[in-house]
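Chemist: Both chains are given apart, each in its own frame, so use the hints to dock them into the complex.
Chains as they are written, first to last, in my numbering: chain A, 1 to 405; chain B, 1 to 320.
If you are wondering where the hints come from, they were derived from the structure by calculation, not from laboratory data. Note that beta-carbon positions come from the ideal geometry of N, C-alpha and C, so glycine has one too. Treat the hints loosely; a few may be bogus.
[Stated by the list, open to error] Pair ranges (Cβ atoms, derived):
no.	chain 1	residue 1	chain 2	residue 2	range
1	B	Gly306	A	Lys369	45 to 53 angstroms
2	A	Val180	B	Asp56	28 to 36 angstroms
3	B	Glu319	A	Asp382	28 to 36 angstroms
4	A	Ala281	B	Pro38	53 to 61 angstroms
5	B	Asp83	A	Ser399	31 to 39 angstroms
6	B	Asp250	A	Ser399	29 to 37 angstroms
Single-letter residue listing:
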Amino acid sequence: MMKKTSIGIVTIAGMLALSACNGGSNNEGASPSASSSASSSASSSATAASPVSSSASADGSSAIQTGTAQLLDQTNQLQGLIEKKDAEGVKTLGKTINETWLSFENAVRQTFPLEYTDVEKYEMPIFSASAYDKIDFDALKANADGLAGALAKLQNAKPSTASASELLKEAVKKYQQYVVDQTNKLTDQTQAFVDAVKAGNVDAAKAEYVKARVYYETIEPIAESFGELDPKIDARLADVDDPSAWTGFHEIEKALWVDNSLAGQDKFADQLIADVKALQAEVQKLELDPKTVVAGAMELLNEAATSKITGEEELYSHIDLVDLAANVDGSKTVYLSIIPALNESNVELADKLDQAFQEMEKALSGFIKDGQYVAYTELTTDQIREISDRLSALSELMSQTAAIL
Amino acid sequence: MLKDWTRFCDLSAKGGTMSLGDNPLVPPTDTGETLELPPSRLTVTLGFGPSFFIKDGVDRFGIAQTMPLHLKDIPRMARENIDPGISGGDVCLQICADDQQVAFHAVRNLIRLSTGRASLKWMQEGFASGTPGKTPRNLFGFKDGTANQLHDSAQGYDEVVWAGADEPAWMRGGSYMAYRKIQMKLESWDRTSLSDQEATFGRSKVSGAAFGAKGEFDAVDAAKLPEHSHVRLAKDSKQQIHRRAYSYTDKVDPRTGNVDAGLLFISYQRDPDRQFVPMLRMMQNKDALNAYVSHIASAMFACPSGLQPGQYFGQRILES
Numbered sequence: 001m002m003k004k005t006s007i008g009i010v011t012i013a014g015m016l017a018l019s020a021c022n023g024g025s026n027n028e029g030a031s032p033s034a035s036s037s038a039s040s041s042a043s044s045s046a047t048a049a050s051p052v053s054s055s056a057s058a059d060g061s062s063a064i065q066t067g068t069a070q071l072l073d074q075t076n077q078l079q080g081l082i083e084k085k086d087a088e089g090v091k092t093l094g095k096t097i098n099e100t101w102l103s104f105e106n107a108v109r110q111t112f113p114l115e116y117t118d119v120e121k122y123e124m125p126i127f128s129a130s131a132y133d134k135i136d137f138d139a140l141k142a143n144a145d146g147l148a149g150a151l152a153k154l155q156n157a158k159p160s161t162a163s164a165s166e167l168l169k170e171a172v173k174k175y176q177q178y179v180v181d182q183t184n185k186l187t188d189q190t191q192a193f194v195d196a197v198k199a200g201n202v203d204a205a206k207a208e209y210v211k212a213r214v215y216y217e218t219i220e221p222i223a224e225s226f227g228e229l230d231p232k233i234d235a236r237l238a239d240v241d242d243p244s245a246w247t248g249f250h251e252i253e254k255a256l257w258v259d260n261s262l263a264g265q266d267k268f269a270d271q272l273i274a275d276v277k278a279l280q281a282e283v284q285k286l287e288l289d290p291k292t293v294v295a296g297a298m299e300l301l302n303e304a305a306t307s308k309i310t311g312e313e314e315l316y317s318h319i320d321l322v323d324l325a326a327n328v329d330g331s332k333t334v335y336l337s338i339i340p341a342l343n344e345s346n347v348e349l350a351d352k353l354d355q356a357f358q359e360m361e362k363a364l365s366g367f368i369k370d371g372q373y374v375a376y377t378e379l380t381t382d383q384i385r386e387i388s389d390r391l392s393a394l395s396e397l398m399s400q401t402a403a404i405l
Numbered sequence: 001m002l003k004d005w006t007r008f009c010d011l012s013a014k015g016g017t018m019s020l021g022d023n024p025l026v027p028p029t030d031t032g033e034t035l036e037l038p039p040s041r042l043t044v045t046l047g048f049g050p051s052f053f054i055k056d057g058v059d060r061f062g063i064a065q066t067m068p069l070h071l072k073d074i075p076r077m078a079r080e081n082i083d084p085g086i087s088g089g090d091v092c093l094q095i096c097a098d099d100q101q102v103a104f105h106a107v108r109n110l111i112r113l114s115t116g117r118a119s120l121k122w123m124q125e126g127f128a129s130g131t132p133g134k135t136p137r138n139l140f141g142f143k144d145g146t147a148n149q150l151h152d153s154a155q156g157y158d159e160v161v162w163a164g165a166d167e168p169a170w171m172r173g174g175s176y177m178a179y180r181k182i183q184m185k186l187e188s189w190d191r192t193s194l195s196d197q198e199a200t201f202g203r204s205k206v207s208g209a210a211f212g213a214k215g216e217f218d219a220v221d222a223a224k225l226p227e228h229s230h231v232r233l234a235k236d237s238k239q240q241i242h243r244r245a246y247s248y249t250d251k252v253d254p255r256t257g258n259v260d261a262g263l264l265f266i267s268y269q270r271d272p273d274r275q276f277v278p279m280l281r282m283m284q285n286k287d288a289l290n291a292y293v294s295h296i297a298s299a300m301f302a303c304p305s306g307l308q309p310g311q312y313f314g315q316r317i318l319e320s
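Chain B extracted, bound-state conformation (with noise of 0.2 angstroms):
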């Protein structure tokens, strides 16, 4: 399957699509519709959940002994409301196109290529939109990811994001990946004052600059910042992580009225027991943005460095 995948997503990522087949008695190879569709910055990303390598205690893979040194499920936080039926999961594939066909494309073929071998546990569709060069908003109208600029380099990434030289061969260079689904109550932000939304994060809404600062990205001074700030407690947590957001719009809630959107928080870092897990135990605790969101989901993958040519998804693993 693993190959299968690889394949899939070398030919698409090039903008190709598998041949339609020459037999008509036979289901077409490829499902068709991003057939004259360029490739759209089509990528996949790929990652290991911790059930890959150990299930219920038993190793049905024989690939323990590769597990990554931080791989497990997030711990339980204060105030979340998880369903499991969406969280979780032995292998995850993130799909990201400029254009929603093209992604869901890839989604559906990957999906039809691990028919019989890996059934499908939980789907997320995000979006994310902003002008090149600019931080993007999330829902809430806030700008989402500018501590990113803070490890942009070389030696930042390798601070931050990759997984270290103390990891098992795969994994070194490659990356964890967080996911948490968090709802955002948008009816009661919206009603909320101008004032107390930017005291809520401690930036300005519309420049994104914290509180007694005046750019998006000068310095923060932690102590200007609202104690229960949300980007007080990220500074305090003294700890960066690589954000990578998305928001969601689902369905309506029957008894409310209320939209259920939100923000499909994904961050990307070296080590989550040091960098992510306790920055999240902090803000579930403090936060002030707790009032507006509900965490509904959660998973932690282990995403490998990127493939060689003639290489597979995962080889390093089952075949070490």
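Looking at chain A on its own, in the form it has when it is part of the complex (with noise of 0.2 angstroms):
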């Protein structure tokens, strides 16, 4: 029937049609993208889009005095507003601190990466926060104080003469300690929801799963690294060989969000508690390297972009936006730490990852409703794909910082 040797031509057509992004053409200078607007402050010269180099720092250093200052009175006049708990203008300010903190952030990142990781750590919430509706002024104050303090050491800052090698052991260190304090928030979040599950309390443990979680996954892959812990706590029913065996988060979650019910749900609260226990230890023991917190940014963007995306990690509570703003801040977290050793190496990329996180982090600020992330049932088809083309940028980007070791 068939001809085997049909010498015909044989063409194979593929054709795809594209969209262009929005904002994503900064290297054709084609379009303004949709970076930092210079705020009122004194320096336009160090905005995201046109990087000072460190050794020409003339104009940078001013601009970071400039700055420092201007950032510092304004988180002072934060303070202020906290104390009086005037929620419509810490939001006002907290936009206000952003423009100031990106107009010169370039500069300071190439400049003082360590005391950077430090603003940012502090400045980020902050503007966060006045996005939600509901503004929590303990946690507030806490990242208030801290940023003055960060602001303070920037402003005494002498720029870095440590070795290649120094910098990435001092941003191993600095990671690991973020895991260990991420982990501890677990344990303590997690017997909080185990107590809840135990008291029959269904709202009370819905509301402290959603607490839990986000510890979880910022640290995601560490806890994978200890083989047997990880499938005991964060299995979902499908991953499992014998449902009967199934334990963890995501047991209880079925329980809570599917039946409704807490019945017969403590003896999996037990195990959960000492589970994480036992991953609590493990990590205070843990001695990492610069490859695996490298590797660990870019397995959590995967996480992200696969389980999360789709809306499978979180099957009954939907709340897998959660789980992905976190996956995406413990990568963050690792870009913050490594930024020392990428301005060594690639200057150009902690520029694009900066970028990168910013839209991702704006995009994803856009979905919280009352404080909290909106379900992942309620997003359009438009909207996941946005977050997820958002979130291919950023991998794209992170999976090329190993080129840094």
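Modeler: This is the structure in structure tokens:
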């Protein structure tokens, strides 16, 4: 029937059509990208689009001096407003603070990478809070105080003279501390969750569940490195060979959101806190190396881009965006710690990553309602796609960071 | 992105690949599936859609003044069932090769190179097969593109295919690509008698000769063709277009068990407003083939003329 020797023209066509991404064409110079607008501050030479190299930093360092002083001043104002519990004032100032920081952060990142990370750590939540409809004044106060301290350090900072390997060592140390902190918070928060489960309080348990998940998702790759513990804590029903042996967060998640009953969950709650405490103990002994840290940042984004963006992770509670944001956050922490090393080898990559994280965070903040991420099931396909595209851009860049090793 | 694409296309069409990279800690630059494979006559054709120049009234890239004269989406037609999700787009890439693995390698790496700067809207695979020198057949078993022979000369291409001197500089010598994804109801077609099939087209199935003619390329006397036959209507339009059709096969319709397959109609022309759109409108209203087909996707792109060494795709638009 079929002639095997058809010599004919076998032409195979692939057609594809693409849509240009908004604001993504910054290296074509053709469109004004949706990046930072320089605020009223003195320096406009150090916006995202024009990195100031650390060697020619006469401009840069004066921009840093002026910017830091201005930012410190605004932070002090913020502390006053927090004192007065002025929600509207706090929101407005939060945005101004972010604009000021964006106007000179590139110069800081290149000259004082260690100090940069500290400022960024406190500044970002202050800006994020300005998008929330509910303000957590206690958390905000802690961040404002932290920011004031970080800025004071920045004012007296000296350019680092550490070698590349020292910079990496420092990065690992910093990240390791973060992992320990997150695991401690995870343990505390899981305890609160377990307590609510054992008290049979469905509503309280649901609320505590969401909070606990964040800490797990920020350090997921680290948790996964302890073989048995991750599946016991975080397996989904589809992951397990024997459904009757299923334990962990998602087992209780199903009870809470599907069955709406905590009957028979005590033993799972006890098991969960025991496993999380075992994880905590392992993490204290952890000795990370630079390779693991950098690979972890990539794994976090891959996690977000596979199980979170598809809504598979939180099948019953649909809080996938909470997990996704936590994955991004955990990945950003790695990025922040390796900035000094990135500056040495690839400043341009650091600039692009900075921009990509900003855009990602901005996009995600649009999905916060009443201080919480909206349920995955409320997202339209277009919205999911938007998040996914940003995630792809970010992942593509992050996949290049291992070149610093 | 367009620069990266140009570099990649130049390399791939010669059979090269990007380096796999010498740093094992970062992902390889090239995905690698064409190592040891020949270029397989790989070609990449790029086109720009109307929304590349103006989208929702906004001139995103400051290039609205370089928009080609006839570039607009194909207007609504009778009987069409267009799915906007697989229609249109800012930029189109048509990738052809003799080997599907080579073609897909190009598709995949061009997508990778666009990450963060463009977003994939739709993708469609197709195929065509035939003996060199003979007109290929579509899935209805009829020859498709016989009339291309009518303008097979330098002058013919100038008149039918290449965009004229009244166009923006970058578009002169380029061409408009019209795209319609046309689902064919193969099951009902295959239950139609040979004489009805031939009357639908107005041609002999085996020889490709029009009714009243002997050979495939003999002159067509429209009067001898059934009034609503496909070829009769094409002749009545008094217009020529350059056909480059492919076939596609997708999935099964779970409700009917019918196969989703059909034609990727692609035609190139100098002026779609004059040549293509009126012909399509007439077909949609009168064509006997309509009983067996359904148009499910649609797009129009402006393909610039070929590049000189050192130029990149779209350079003369973006730097004008």
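Chemist: Confirm or reject each hint.
Modeler: Now for the hints, and whether the structure bears them out:
{"no.": "1", "hint": "Gly306/B - Lys369/A: 45 to 53 angstroms", "result": "holds (52 angstroms)"}
{"no.": "2", "hint": "Val180/A - Asp56/B: 28 to 36 angstroms", "result": "violated (50 angstroms)"}
{"no.": "3", "hint": "Glu319/B - Asp382/A: 28 to 36 angstroms", "result": "holds (32 angstroms)"}
{"no.": "4", "hint": "Ala281/A - Pro38/B: 53 to 61 angstroms", "result": "holds (58 angstroms)"}
{"no.": "5", "hint": "Asp83/B - Ser399/A: 31 to 39 angstroms", "result": "holds (33 angstroms)"}
{"no.": "6", "hint": "Asp250/B - Ser399/A: 29 to 37 angstroms", "result": "holds (32 angstroms)"}
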